[in-house]
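Colleague: Here the protein sequences line up with chains L and Z, keeping their order.
For the first sequence, UniProt numbering gives the first residue as 1, with consecutive numbering after it.
For the second sequence, UniProt numbering gives the first residue as 1, with consecutive numbering after it.
No lab work stands behind these hints: they were computed from the structure.
What you were told as hints is all true, and nothing was included just to trick you.
DSSO-like mimics (lysine-lysine), calculated; alpha carbons at most 30 Å apart, straight line:
1. L:Lys115 / Z:Lys19
2. L:Lys19 / Z:Lys115
3. L:Lys265 / L:Lys55
Number of protein chains: 2
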Amino acid sequence: MTEPLTDLSRFSINQMTVKQLTLPELVSACVDLGVPGVGLWREPVQQYGVEAAAKLVRDAGLTVTTLCRGGFLTAIDPVERAEALGDNHAAIDEAATLGTDTLVLVCGGLPAGSKDLHGARERIADALAVLAPYAAERGVRLAIEALHPMYASDRCVVSTLGQALDLAERFPAEQVGVTVDTYHIWWDDQAAAQIARAGAAGRIHSFQLADWTTPLPEGVLNGRGQIGDGAIDMREWRGYVEAAGYTGPIEVELFNDGLWARDGKEVLAETAERFVRYA
Amino acid sequence: MTEPLTDLSRFSINQMTVKQLTLPELVSACVDLGVPGVGLWREPVQQYGVEAAAKLVRDAGLTVTTLCRGGFLTAIDPVERAEALGDNHAAIDEAATLGTDTLVLVCGGLPAGSKDLHGARERIADALAVLAPYAAERGVRLAIEALHPMYASDRCVVSTLGQALDLAERFPAEQVGVTVDTYHIWWDDQAAAQIARAGAAGRIHSFQLADWTTPLPEGVLNGRGQIGDGAIDMREWRGYVEAAGYTGPIEVELFNDGLWARDGKEVLAETAERFVRYA
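Using the sequences plus the hints, can you model the full thing?
Modeller: What follows is the structure, encoded as structure tokens:
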């Protein structure tokens with residue numbers, strides 16, 4: 001049995017969970033509530049200014065557990081591919097500036113008109129060969145996130161933790177690993193074994209939580225459930241990553257229209273409380 | 001390369017694809033358009049009368065390729081479990097009356113409040129042990145359908161073809177096999193190997209087509225794309241099942257609000273045309 005958590009020392013709030021908060025509001029709420037870590041997103045960080053954001057979180061004593069996100073590496077068109085690589089180089093630079101060691105990758109869906117999942121996955125590998133050494137030189141690890149198979153066509157052709165590891169293992173573990181996110185893998189009876197595989201190789205670079213609730217909303221993007229509201233046994237999954245040797249931060253990343261409509265600090269407090277109760 | 005189909009001899013229309021048609025309208029449209037097979041659903045068949053429906057399709061010379069659907073076998077409550085078994089016995093009787101050899105099973109999601117996928121899958125196995133011999137005595141095979149992982153909590157805890165086979169292989173192949181449905185498995189890089197496994201054991205009891213289109217609608221039930229409109233290479237998947245030895249009917253089963261809003265016979269004609277062009 002995995003022991004219950006007793007405090008927030010491993011808790012990190014992903015910025016998207018409370019995107020109604022400005023970056024200074026988020027940082028202030030974290031300090032007030034004793035939340036030690038944040039996972040940041042590129043767009044709001046860019047809006048605030050990357051250097052300024054880095055100073056803001058550093059001065060507050062917060063750890064930036066991840067930057068979300070790079071990726072979208074499946075284009076066939078050479079111009080689009082070059083643009084995607086350039087954008088990922090920028091994301092790596094931003095991660096380094098923010099002082100996080102982990103850039104999460106959402107690898108991209110099928111290009112318009114394509115039905116070739118295998119080819120798309122190979123193009124991801126080709127791009128990683130360019131990006132991984134660049135990231136390593138800046139102290140940043142790439143963390144491939146398997147997304148739920150319902151996103152396979154339009155968002156991420158990497159649908160299982162096993163596929164993510166098949167890609168990651170073509171590169172050194174300190175350069176490319178995986179993000180383990182309960183929302184995307186909870187249904188998969190192979191996932192526990194794949195977590196063990198990832199942990200043994202030192203490739204669990206991020207661990208994220210979200211709960212599975214139904215009915216799914218139109219477009220299936222913004223229905224991630226608050227921890228404890230859904231079908232996923234969070235403690236069971238924490239047990240798997242810890243048995244695999246992972247002792248790092250645990251980030252809660254929810255995209256949820258209902259949570260976004262509420263007071264952001266109240267949602268952060270609720271999320272912290274749920275984290276201790278269920279994770 | 002899989003050879004293109006040249007005619008409708010292996011085509012079957014699943015009744016749900018054109019649910020706007022009454023059963024006599026469906027039968028008449030199939031005869032007019034040269035469609036040789038139909039997959040029927042219990043509710044409209046019961047409404048028409050099972051014996052009468054059997055006579056109607058038999059007199060028209062149609063083959064009933066499947067009856068959809070039994071299943072929902074994951075309840076914990078003993079009364080609910082007994083009701084589910086009773087309902088599945090009735091479904092088997094109906095399949096036998098209709099003269100089809102295959103009852104498709106949608107196995108059921110998590111009971112309210114449960115987070116135990118493994119336990120739910122074991123309860124399905126327990127139920128199959130009761131149902132499979134009953135079905136075999138009536139000349140009916142059970143075909144476990146893996147549903148897309150986005151249905152894992154509320155509809156079917158069997159999310160991959162591999163899981164479906166793990167269940168089926170506890171029973172004789174002539175009693176329990178699988179339904180291979182492109183919509184549910186197209187994202188899975190293990191599925192081709194699992195089709196080979198299923199075929200080698202004589203367990204491909206049904207082959208169904210639907211295409212994957214996005215954005216998914218709210219509730220994700222009624223967004224199955226017309227053949228050729230989406231991300232799935234139908235001919236590739238037909239190649240896999242044929243390489244595995246399957247030569248039976250190919251059923252097109254679409255749940256699609258847009259198709260349901262149109263003239264049913266026109267949709268049937270379009271579906272038959274798409275079948276020859278893409279499958």
